[in-house]
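Q: Residue numbers (full-length UniProt numbering), protein chains in the order written: chain A, 1 to 1112; chain B, 1 to 418.
Rather than coming from a laboratory, the hints here were simulated on the basis of the structure.
Warning: the hint list may mix true and false statements.
If you anchor each label on the Cβ, the simulated ranges turn out as follows [claimed, not checked]:
#1 A:Asp-574 - B:Ser-98: 57 to 65 angstroms
#2 B:His-313 - A:Ala-493: 56 to 64 angstroms
#3 A:Ser-453 - B:Lys-337: 51 to 59 angstroms
#4 A:Ser-453 - B:His-313: 20 to 28 angstroms
#5 A:Gly-634 - B:Leu-33: 51 to 59 angstroms
#6 A:Ser-453 - B:Ser-11: 48 to 56 angstroms
#7 A:Asp-617 - B:Asn-390: 43 to 51 angstroms
#8 B:Leu-319 - A:Ser-550: 41 to 49 angstroms
#9 B:Val-23 - A:Lys-92: 27 to 35 angstroms
#10 A:Asp-617 - B:Ala-35: 22 to 30 angstroms
#11 B:Ala-35 - A:Gly-634: 19 to 27 angstroms
Think of the CB as a built atom: it goes at the ideal place given N, C-alpha and C, for glycine as much as any other residue.
Now for the letters of each chain:
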Amino acid sequence: MLSMSTNNLSYNDQGGSDSAVEVGQETTPTSSNAGFGLFSTNFKKNDDLKEMLESNKDSLKLDAMKRIIALIAKGKNASELFPAVVKNVASKNIELKKLVYVYLVRYAEEQQDLALLSISTFQRALKDPNQLIRASALRVLSSIRVPIIVPIMMLAIKEAASDMSPYVRKTSAHAIQKLYSLDPDQKEHLIEVIDKLLKDKSTLVAGSVVMAFEEVCPDRIDLIHKNYRKLCNLLVDVEEWGQVVIITMLTRYARTQFTSPWKEDGQFDENSETAFYESDEKKTKNGDEKKSYMMDPDHRLLLRNTKPLLQSRNTAVVVSVAQLYWHLAPKHEVGVITKSLVRLLRSHREVQYIVLQNIATMSIQRKGMFEPYMKSFYVRSTDATHIKSLKLEILTSLANEANISTILREFQTYVKSQDKQFAAGTIQAIGRCATNISEVTDTCLQGLVLLLSNRDETVVAESVVVIKKLLQTQPTQHSDIIKHMAKLFDNIAVPMARASILWLMGEYCERVPQIAPDVLRKMAKSFTSEEDIVKLQTVNLAAKLYLTNSKQTKLLTQYILNLGKYDQNYDIRDRTRFIRQLIVPNEKSGALGKYARRILLAPKPAPVLESTYKDRDRYQLGTLSHTINTKASGYLELSDWPAVAPDQSVRNVEVIEPVKEWAPSLGKTGKSKLSKSSDDKFYSDSGEEEEEKDKGSGSSSSDDSSSSSSSEESSSEAESDEEKSSSPSSEESDKSSSQSEKSSSESDSEQKKKTTKKPPQKKTVKPTAKDSDSDENGNVAKEASSSSAEETSSGSDSGSDADSHSGTERKKKTKSKAKPKVEVKSTKVVSLLKEVSLLDLDDFNPTPVTRPKMSVLSPSLLGDLEGLSLSNISSTIQVSGPAFVPEKRHDLLHRMAGKGLSAHYQFPRQPCLYQPTMVSVQISLTNTSDHPLEQIHIGDRSPTGLHMHCFNTIECLLPDASVTVSLGVDFNDSTQAANFQLCTKEDQFSVSIQPAVGELFLPVTMTEQDFRKEQGKLLGMNESSATITMAAENTTSQPISRQVATVANLGVVPSGQDNIHRFAGKTASSGAVVLVTVELRGESTALITINTEKSVMGPMLLRDLKWALAQA
Amino acid sequence: MINSLFLINASGDIFLEKHWKSVVSRSVCDYFLEAKEKALEPEDVPPVIHTPHHYLISIYRDKLFFLSVIQTEVPPLFVIEFLHRVAEMIQDYFGECSETVVKDNMVMVYELLEEMLDNGFPLATESNVLKEMIRPPTILRSVVNTLTGTSNVGDTLPTGQLSTIPWRRAGVKYTNNEAYFDVVEEIDAILDQSGTTVFAEIQGVVEACVKLSGMPDLTLSFMNPRLLDDVSFHPCVRYKRWESERVLSFIPPDGNFTLMTYHVNAQNLVAIPVYVKQSISFFESGSGGRLDVTVGPKQTMGKTVEGVVVTVHLPKTILSINLTATQGSYTYDNGTKLLVWDIGKLNPQKLPNLRGSLSLQAGAPKPEENPSLNIDLKIQQLAISGLKVNRLDMFGEKYKPFKGVKYITKAGKFQVRT
């Protein structure tokens, strides 16, 4: 108690002064505790509060707390009660506790020592089973701005970032910002947490963590790469405030990562793979141009996913999307934002203000955007002043030859407005229209001259000023206007207007030789009573007249100069002295006097009447800085587009890195409108047992397709996809578009899947299709690609929501639902059947295998799709993840040969994400030289038909740095080496990748029964076998599997017999089935049988296997 | 983000303050009060004020200023939108948003503000979520609370917070399941002296009052969705369904909410339901003038025009008026020079008329411009654009709800220039 009272005393010094003023000074010594005597004197009305807080009854405490909070809300000081309040922090009553929290947060900063008493309570609460309590404990703990507890906060944040509850994780994202503002030294640790939370899949967390990112480390753009696609895909689901923050951040991100879509005819780097880019908009615009700009699919993804948000009810979201389109979209697409922005003009006055400001900036650059909505900017007499002037601004910007008459008629009404400020603004606007549109200059001028006889001074004055500016642009014709103004001069009292007239007289005195001296005469009379600005102009006029017409005005000038010499204002005295020296020749004036005429009567450039919003575009639209037209603190500059896009593969989610996730599946309530990525699914899968994965995929897709709207949605999406992929006529573009479509929309999810060891993929392969060589039939191919696009998109959609792993009951429901859905599509799917073969295997002919077209089908998504059809298909073969990834690295380029550039390659054995027919190859490049190597890219390749997906040009590789890039090569099922040139800025090195035959396969899983069935079809010529003597240690199943997996990328087929081991795969390029059987016979002999239609690959694989199994 | 919030009444008294980060002294409001002094009307106070260390973003609503203090760059609309949400929340909880209401419920407002923002970033702004955390006051509940000692503060995390449908709370139960939709259309128009339309457009809004048990999934379709040119939705509406089929598919929030707002295609000619014959003239001598206004029905689609009110901001130089109305009554405030003529129902047989003389202050010049008339009106059972709801279907629940749709047309910013 004693220590408390001392505290109380000391803190009274800090914060008590307010309360002393606010509450009465009367002493009512009710408090029994001497230590609080001082305190009770300060609180006449509130002295009972402390007693109430110390009572045993919760209701009394609650009443006291409510009164205290009311005091705080009113801005009164209640800090004296801190010790009494803080004791209740551990109260069981939740409402009381909350109020104590509120109090603590408010005063902890002032009473740090006492606040520490409460910390242990929060630490305990952080472990509470109730997520609301955990979250609020973290909220309060992090809001207590006491530097001593920084380590505790750090620990709490780290723990909360891995909490099961997304709500708690969201709170931890908020806490990051609080801790950062308290102690910026923690930045590095906090960035780690941010990095972790950025990977979070919950829509709840996304907005808050991006906010933390923006506040703590906005420059760490590299943290975003891997999460970019996820954020784009989650965006629609994020709560509205988070959307704003994410969109703003992504705008900045995109400006650093993508190339400008604005240079319509810009020639791009040869190395940019046309095949990879999406080209849909090009086709409409200038499809004939071959090497024109192609938008990065990720760029497109962002634009596509933000567009629906234009329909948001939240005005901040709408404007943030609008600014995103303005800063990122190709010029011809920006138009979509117009309607939404105009809609916002119906909203609250403050919203109008901000939106109009943004429109004002836009309308200067792009009149066309808002011209159709011109009437929405008509001014109402009830509008607030700042709204009126903004509307005026926009109307002026929108004026052109076609609509100027309408606008001028509208302006006529405004000029008569009772709001004279506004009327004056209108006159300026008329002036701007007159200068911008030469057709109406005369009309405007005449109109303005009429206004000179207006009764209102402000209007007249403004007219004079504007006329002056207008006359300057074309002074020759208008001497009668000048005369007219001279006549009006006596009636005009506004100094600015008088000064303007005087200036005009002086400037054009030679055109009105009769009048100018007369005006000067009048001015000489009234000089002393004029305003300063008028005096200055009088002196000017006098000087100019003296130079042109000294005979008539010499005396007048001298008189005025004398008056000016003794003026009260030093500016005028200065000016007079200067002018006198300049124009009146005397011995002291020197050389300058000769040039007096040239100085005073120099032709002056006409003023440019332009918008005050002209320069606002240097700020990102929608920002505070844009609104106040100065850089606000914390404003992040929007960078210019990079000339060459940085490596786009950085956004590919890491292929090898095993992501162990803790995220529990969130019970989404079946709202299907949203997430297009299958991230969630992946996570829920990984949390489960391996064997359950198949179920997982089945049920996850079911989740979606069972709800009514998802099928809608997938079909709608499929429609658009179909349009896109079927529109191109040439086969090449067909391929590229469909491919890019895939990569843009699916790559995210697809890659995610690859990170699992055995993603749930099922693939039914129709064996008869395998014989077909790829002689391509245009129509079929096209249909295949379009329908496959459809399939993929629906597949991706259905894969998306799947974060609830439901039981079998649900699964059944899906199956029944999914079947009809597929049937509907079956007409289109026919050509695809060899891949999908969902329905009737027999009624379909071997279709030419058009490998490139198949690309749209990513194996994993196909797997999802086919997960739906489990029940009615007996033969299922799925592509699975690799059983084993050899570490072996092959030399691609030795550092000696490569002048310091060394390159190695290895086969990660992952399905290639660029095209399924490709084998993915990872190349690690190291710079062993002492100078940076620039522009590393892939040059010519051979054989010329070689399909290869190159990596993006590496701009610069610093000495001793290394970078790993991935490459896709279609080896076309042969071991022929892929030769290409690895180029740097200066050099070219011919290199080749020689694949072992085993690398050309993709592992598949199938049942033993299926294996036998397939084997039965591949006898005779398709079978090659050999008996070998095996090394002693290779005689059990595990070593055999390992050896086979090392040699070839095959999957293990479960076998019923101990002595027979089966492996299955398919070739990457054509998808032909490869079956390997190892049958142990006796102690050390074994029979290896290989069944495949690829008659060359069979024996080669056999040879490799023989060698491997015979070895130790 | 948002650092502090001050509530200020029209006369400039700060009656509530809330800080989400370090405390900002209320003296920062002086910059605002200064700007407020300068402005003629409270509406004219600039929404964004730049002070040396802070940025002040304010809204004026229901005769109150909501002033937020910002320290770093933030989209201004983000703040403005949030402030309006605060005002709507107060309205939602206490029935109106006024100084008295806030003062009476100081603690609850303060608690709500605490929940709405964390560290200046919005945490819970959905009314359904907030109401689960802090229950709105009702007479019954306050009685129960005093008897049982329970509180208005919920102790579990609202389910909405965690799901992707934060707007709906779980476990909703009604004995009568009903869903009502009001299609409200507003005509924004500017007519010139001669009565020709300078500008006219229709803005509509679908307000919903849905009281359905469980998790209903509703689909609302229109007979003529093509009319709708631009729309914005409550977050519950599925964009994709709208894009593909032009139907509104949604899981509704519980209670009252705005389902969508729309703008009717600009190509459609807007029917103007009333015409106004007016002549306001001032004598050249400058001593006074005459006012004569007649309002009559025009394109009303056979419905009665009700609630007609004509509002005129007379020039500042008017000294007094002397008018007679054939129908309804007029009020005139000499301080604000605001003339309000409340007509009521329009009778086509006998057109209401207001006429009389205006006298100007001595020596004042003849006003430059005639005042414009603002018209307010209401037509029941009519959506002036012709928009019609086709049907409402419910999925996901077994019971049969009672459904209803009401149409109403109002004047929005309907102005007649004279």
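Q: How does the Cβ-Cβ distance of Ser-453 (chain A) and Lys-337 (chain B) compare with 51 to 59 angstroms: does it lie in that range?
A: Taking Cβ atoms as reference, Ser-453 (chain A) and Lys-337 (chain B) lie about 27 angstroms apart, which means the hint is violated.
Q: Does the Cβ-Cβ separation between Gly-634 (chain A) and Leu-33 (chain B) fall within 51 to 59 angstroms?
A: violated, 26 angstroms
Q: CB of Ser-453 (chain A) to CB of His-313 (chain B), is that within 20 to 28 angstroms?
A: Between Ser-453 (chain A) and His-313 (chain B), where Cβ atoms are some 26 angstroms apart, the hint holds.
Q: Taking the beta carbons of Leu-319 (chain B) and Ser-550 (chain A), is their distance inside 41 to 49 angstroms?
A: violated, 56 angstroms
Q: Does the Cβ distance between Asp-574 (chain A) and Ser-98 (chain B) fall inside 57 to 65 angstroms?
A: holds, 59 angstroms
Q: Taking 43 to 51 angstroms as the hint, is the beta-carbon distance of Asp-617 (chain A) and Asn-390 (chain B) inside that range?
A: holds, 45 angstroms
Q: Is the gap between the beta carbons of Ala-35 (chain B) and Gly-634 (chain A) within 19 to 27 angstroms?
A: For Gly-634 (chain A) against Ala-35 (chain B), whose Cβ atoms are near 23 angstroms apart, the range 19 to 27 angstroms holds.
Q: That 27 to 35 angstroms hint for Val-23 (chain B) and Lys-92 (chain A) (C-beta), does it hold up?
A: Between Val-23 (chain B) and Lys-92 (chain A), where Cβ atoms are some 30 angstroms apart, the hint holds.
Q: With respect to the beta-carbon atoms only, verify the hint that Ser-453 (chain A) and Ser-11 (chain B) lie 48 to 56 angstroms apart.
A: Hint violated: Cβ distance 42 angstroms, outside 48 to 56 angstroms.
Q: Is 56 to 64 angstroms a correct range for the gap between the Cβ atoms of His-313 (chain B) and Ala-493 (chain A)?
A: Roughly 28 angstroms apart at Cβ, these two residues miss the hinted range, so it is violated.
Q: Given the hint of 22 to 30 angstroms, is the C-beta distance from Asp-617 (chain A) to Ala-35 (chain B) inside that range or not?
A: holds, 27 angstroms
When the structure is compared with the earlier hints, violations turn up for hints 2, 3, 5, 6, 8 and for no others.
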